[in-house]
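**Q** Sequence:
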Amino acid sequence: MNFILRGCSLRNTDWICGLVTYTGHETKIMLNSVKARAKMSTLEKSMNSEIVHVFILQILVCIFCAIWYTIWHSRTAESRPYLSLNASYTDDTAGYIFFVQLGTWMLIFTNFVPISLIVTLEMVKFTQAMFISRDKCMYSPATDTWPAVQSSNLNEELGQIDYIFSDKTGTLTCNLMEFKNFCVAGVAYGDQRDLNSDTRPQVTNVDFRDSRLLEALNSKSHKYHN
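FYI, the numbering used here numbers position 27 of the sequence shown as 34, with every residue one higher than the one before it.
Keep in mind that the hints are not guaranteed to be accurate.
Said to hold, decoys possible - In the DSBU-like style, the derived pairs of lysine-lysine whose C-alpha atoms are separated by at most 35 Å in a straight line are:
(1) Lys-132 / Lys-52
(2) Lys-143 / Lys-227
(3) Lys-132 / Lys-187
(4) Lys-132 / Lys-42
(5) Lys-227 / Lys-132
(6) Lys-227 / Lys-187
(7) Lys-187 / Lys-143
(8) Lys-143 / Lys-52
(9) Lys-52 / Lys-35
(10) Lys-187 / Lys-46
(11) Lys-143 / Lys-132
(12) Lys-46 / Lys-35
(13) Lys-42 / Lys-52
(14) Lys-46 / Lys-143
Hints are computed from structural coordinates only; laboratory data are not their basis.
All chains, please: the whole structure from these sequences, using the hints.
**A** This is the structure we're talking about:
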């Protein structure tokens, strides 16, 4: 018995008997495919958590108010006939009054949960995306390129970088990574390449030729020199 992989050619025989295996959802592509998770910022996660806490608080307040009203009704319904309390709950049990009042207090305290908060947050993010796409400070004159906002879900995460994961290069990038630019105190270094091999510092695996960085490091009078 032989196992024939996909793409093999049949030669030196007219026919074979075979059984097809690993098809459909059992193929390697389907088994390795993972459903993409929805991207959520730290602010959205915190907001969802706070909404759950507010909703739990609302339920607790409503239960307390319903219990308080049920006790108060049982004590004052007969002594205060001018309130007509028995007109609404004639021969009703305390449990029925409790659940009716629980629904009533839920309607009264329905504004506890900010329903329009998510809509307002999305409108703010959309407006931020418009400002980002028209930001002149992010415009690149060299390539005549304006910033393009592909998704506004992570606006508040911009600049909040904790980790950088880089995959193993070599398949498509010729195993070559170049350090191009970096920014310190609002000043971008790397655009100029005016240092030759004799004057620039000899740093392994980095070909950085911006003379402004070398001047800033050597000048003790520089405002950002420490």
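**Q** None of the hints should be skipped; say for each whether it holds.
**A** Here's how the hints hold up against the structure:
This hinted pair checks out: Lys-132 and Lys-52 have alpha carbons roughly 15 Å apart, not beyond 35 Å. Distance check on the hinted pair: Lys-143 and Lys-227 sit about 32 Å apart at the alpha-carbon level, within 35 Å; holds. Of the pairs offered as hints, the one joining Lys-132 and Lys-187 holds, with about 31 Å between alpha carbons and a cut-off of 35 Å not exceeded. Distance restraint check for Lys-132 and Lys-42: the Cα-Cα separation of roughly 26 Å lies within the 35 Å cut-off, and the hinted pair is therefore satisfied.
Restraint check for Lys-227 and Lys-132: not satisfied, since their Cα atoms lie roughly 43 Å apart, outside the 35 Å limit. Between the alpha carbons of Lys-227 and Lys-187 the distance comes to roughly 25 Å, so the proposed pair stays at or under 35 Å and holds. Restraint check for Lys-187 and Lys-143: the C-alpha separation of about 22 Å stays at or below 35 Å, so the hint holds. For the hint pairing Lys-143 with Lys-52, the CA-to-CA distance comes to about 31 Å; that is within 35 Å, so the pair holds.
Only pairs whose Cα atoms come within 35 Å are accepted, and Lys-52 paired with Lys-35 is accepted, the gap being roughly 34 Å. For a cut-off of 35 Å, the pair hint linking Lys-187 to Lys-46 stands: about 29 Å separates their Cα positions. Distance restraint check for Lys-143 and Lys-132: the Cα-Cα separation of roughly 19 Å lies within the 35 Å cut-off, and the hinted pair is therefore satisfied. Taking the CA atoms of Lys-46 and Lys-35, the gap is about 26 Å. The hint holds against a cut of 35 Å.
Distance check on the hinted pair: Lys-42 and Lys-52 sit about 20 Å apart at the alpha-carbon level, within 35 Å; holds. The straight-line distance between the Cα atoms of Lys-46 and Lys-143 is roughly 28 Å, inside the 35 Å bound, and the hint therefore holds.
Taken one by one, the earlier hints fail for this structure only at number 5.
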